[in-house]
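Visitor: Construct all of the structure, not just a fragment, from the sequences and the given hints.
Quick note on the UniProt record's numbering: the sequence shown kicks off at 1 and runs consecutively.
Worth double-checking, as some hints may not be accurate.
Unchecked claim - With a Cα cut of at most 20 Å, we get these calculated EDC-like pairs of lysine to aspartate or glutamate:
#1 K47 - D66
#2 K49 - D59
#3 K72 - D59
#4 K49 - D66
#5 K47 - E36
Read the hints as simulated data drawn from the structure, not as lab findings.
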Amino acid sequence: MSDKDTTPAPAIAALEADVTLAREQLAATVDALVEEVDPRRQAERLKEKGRRLVFDATDASALPEDRARARKVFAVAGAVVTLVVAGIVRKATKG
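Guide: This is the structure we're talking about:
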């Protein structure tokens, strides 16, 4: 009877240790996800991307492929803004 009583105890202790480790890892993952989806952090990243895009489009020290990509992004954005403004003006003049 003593063999049965002592054998499961190490297995249970190992399982409890595994569960504790898994909980700690899960908590760290959840904390990282919360940090990642924080609206302030997302806004900060978008501002940094915008600054980088402006730098790439205007600075002579930017890599040529980055400069070309940034200028294409600005061209597309300009076209979209132009279409939206044209649509608003058209609706305003019709109504």
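Visitor: Could you run down the list of hints and mark each one as holding or not?
Guide: The hints, checked one at a time:
1. K47 - D66: Within the cut-off at roughly 17 Å; holds.
2. K49 - D59: holds (15 Å)
3. K72 - D59: Satisfied, since the Cα-Cα distance of roughly 15 Å is no more than 20 Å.
4. K49 - D66: holds (12 Å)
5. K47 - E36: Holds - the C-alpha atoms of E36 and K47 are around 15 Å apart, at most 20 Å.
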